[in-house]
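A.B. asks: Since the structure of chain S is already known, use the hints to place chain F on it.
Sequences listed follow chains S and F, in order. Quick note on this note's numbering: the first sequence kicks off at 1 and runs consecutively. Quick note on this note's numbering: the second sequence kicks off at 1001 and runs consecutively.
Rather than coming from a laboratory, the hints here were simulated on the basis of the structure. Just so you know, even glycine gets a beta-carbon here, dropped at the ideal spot from N, CA and C.
Subject to a maximum C-alpha distance of 25 Å in a straight line, what follows is the list of computed SDA-like cross-link-like pairs (lysine to any residue): (1) F:Lys-1308 with F:Gly-1588; (2) F:Lys-1308 with S:Gln-58; (3) F:Lys-1308 with F:Leu-1261; (4) F:Lys-1308 with S:Arg-56; (5) S:Lys-130 with S:Glu-28; (6) S:Lys-130 with S:Gln-142.
Estimated spans, in silico, between C-beta atoms of each pair: (7) S:Ile-34 with F:Thr-1047: 47 to 55 Å; (8) S:Glu-134 with F:Gly-1105: 48 to 56 Å; (9) F:Gln-1343 with S:Ile-34: 40 to 48 Å; (10) S:Ile-34 with F:Gly-1283: 30 to 38 Å; (11) S:Ile-34 with F:Gly-1543: 50 to 58 Å.
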Amino acid sequence: MDAQRGQTQEQQLVVVRLDRERYGVPIEHVHEIIRMQEVTRIPRAPSFVEGVINLRGQVIPVIDLRRRFGLGAGEGNGASRIVVVEMNGSRVGMVVDAVLEVMRLPESAVVPPEDLLATSEVGFLRGVAKQGEELILLLDLQRVLEVHEQRALSEMQTA
Amino acid sequence: MQLQRLLPVFLSEADEHLQALEEGVLQLERLGPTPGLVADLFRSVHTLKGSAGALGFRRIAELAHAMEEVLEALRAGRAADGLADLLLECVDTLRALRQEVSDGGERTDVDALVERLRAWEEGGAKDGLHPVDVRVRLREDCPMRAARALALLRLLREHAHVDQVAPPEEAIAQGQLELEFTARVRAREPEALQELLAGPEVESVRVMPAWEARDERWLDLGPQARGKLPDDPELTRRASLRTVRVDVERLDRLMNLVGELVVDRIRFQQIAERLRSLDRANGLAQELAEAAGHLGRVAGDLQAQVLKARMLPIEHLFSRFPRYVRDLAQRAGKRVEVVLEGQDTELDRSVIEQIGGPLMHLVRNAVDHGIEPPEERQRLGKPAAGRLRLAAVQEEEGILVVVEDDGRGIDTDRVREKAVALGLLSAEAAARLSEEEAVELIFHPGLSTASQVTDVSGRGVGMDAVRAGVQALGGSVEVETQRGHGTRFVLRLPLTLAIVRALLVSCGGERYAIPLAGVQEIVEVPAERVHRVGSYRTTLLRGNVLPLVSVHEALGLPAPEGSGRFLCVVTGARRRVGLWVDRVLGEGEIVVKPLGSYLGQVEGVSGATILGDGRVALILEPSALVRLALREEELAHVG
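Isolated chain S, as found in the complex (with noise of 0.2 Å):
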């Protein structure tokens, strides 16, 4: 209902900030966000996968969005976030860098993202949003929070 808004369609989103990449969560898929806490390793999971937390007695699992986008260790610093996202029923935590801000975004600013991009995040993104200078990459959660193709590919890679 909300996203009609006279002729065009709007979105809300979340903006996270990763390495130097401004990255948008549709808001309906953000459950909360958590700051940064300890995290259980899972031993024998994908490398992305950080381990899991406890969520207000829940156990969720955590992934680290920069690994998941083969970007270097993280900052480390005390910015960062863990962003819960639902999905499909489940809830994930995606460690991020910070976040920033949360906006609306008329369906109209969003362009593929073959058009502008190259990079290998590209398979993860839905689409890119120009906002004055910036680009704002739109995330495709059900790509991102995708295991079972991951660990295809990473034990192809090993093999």
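C.D. replies: Below, chain F alone, put in the same frame as chain S:
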């Protein structure tokens, strides 16, 4: 919208009605159509029809309607010949439809069944017989009333099919007859009966359609039928208002929150400790510590209550077995009587869900291999029908479930022979085994799988799977057998899976919990007593060689700094293995939580728990760790 809200209610009600129907039909088969029973069946079918109709489930409603008609015929006095099988088929079809409804829509066809129900119903009319009640009143001055009444019944039998008599004939023969008796009969020409029975000693003969008689007249059919009065609907309604259905997921969430309270309590206590070190705040610190203590007690009680809410009577599981055994016995040409005991014993629903498989296995083995065919039993001087007893008892630490039969018992000689033939042990070793040790062989995986092809032991089909299933729950299986007299399996089960006693260990900087059920003892072994045998590491424990498995290696984690020393000796995969950890931190009760579907199955890890400081610790599954470690070592051999 409406449907979405009502569907879950319908489904769970349907389950209850179907269960009640199945039990009722089995009773019908055994005891015949007592009025109370028929009324119960009718009520279940009728309710099911009503709610299915309201939600637009046409096929369920149609089948239920046809069943209603048949039950109506029973109520009107038809005998239930051959009806049990047909009604059980209906119950199965309704179950299938119920599943389909929850998956999206009715698919199973009901026309053929409805047709067969109709055919049965018309069977009575087709053979030209009409059900009627014949009430005969003797004159007060009639001499030898009982003899007269019995003579009249004999006469009646020559002209009609007599289904029931009230009072029963035995009672009449014993002189328990006032002046009147009623017979429910099927006759070709009911009108003629009046003239047939009339005579000088008979005051009156009334012939009336059976369905007008309804239940009331038949209430006093004897002790079997007594006590079967329909429930007071008002009472039933009031009872149902006192219970609510709760989604298990909600209970789990509640359990999570309670766990958090416990963590908070520990934080408060720590704050109180810190405050106490500041002199000025001493009084406040004391107050805070007391409040934290109270919070802890409340949280503990709350946890116990939530656990209790997750409990279900084992009846939910046991109630399937009469039907299951009936079908098995029928197929195997055997007669088996099922005895259920301790049905109201309560267990955590997750335990109930998981012991169903192992129990079915044990029951199937008992019917297929344990209990002898009727002729053989009679030759042996046993009752023709075998006895299968399922019992549950609550003990201090958990629940005992007993599966017992009075069949031929386990032939340990043949078990020995088979084990030798399969090369599991030498003939000498087999001969040295005690009876108990020989019986234990049935749990050996090699023997189990082999006997699926050739039934040797009379048992042992997948017995290793049964034991593994029960052990995975933190329970155990024991067996006692006496040749010619039967076999008894005793399953020891934990009350709940939600809380287990566990050992807390540290390993490579992480803390892990190991369920105590799998731990035999804890020993400290210094590094110099660890020996390498090829790629294996072993140590000597009381003179025996104990293979060692490092938790890090098994989990594929980097080796820790400094060498571990402590060992927990665990049994897993039928062997004793030492699990190598850095430190043993303590033991306590932990609340088990799932890792969630996102991570899927993590090998060697059965779940997670939240420690007192709020951090997550993984729960290790010792038998899986041993499997993993052995696999790694095999790989190491190859590489």
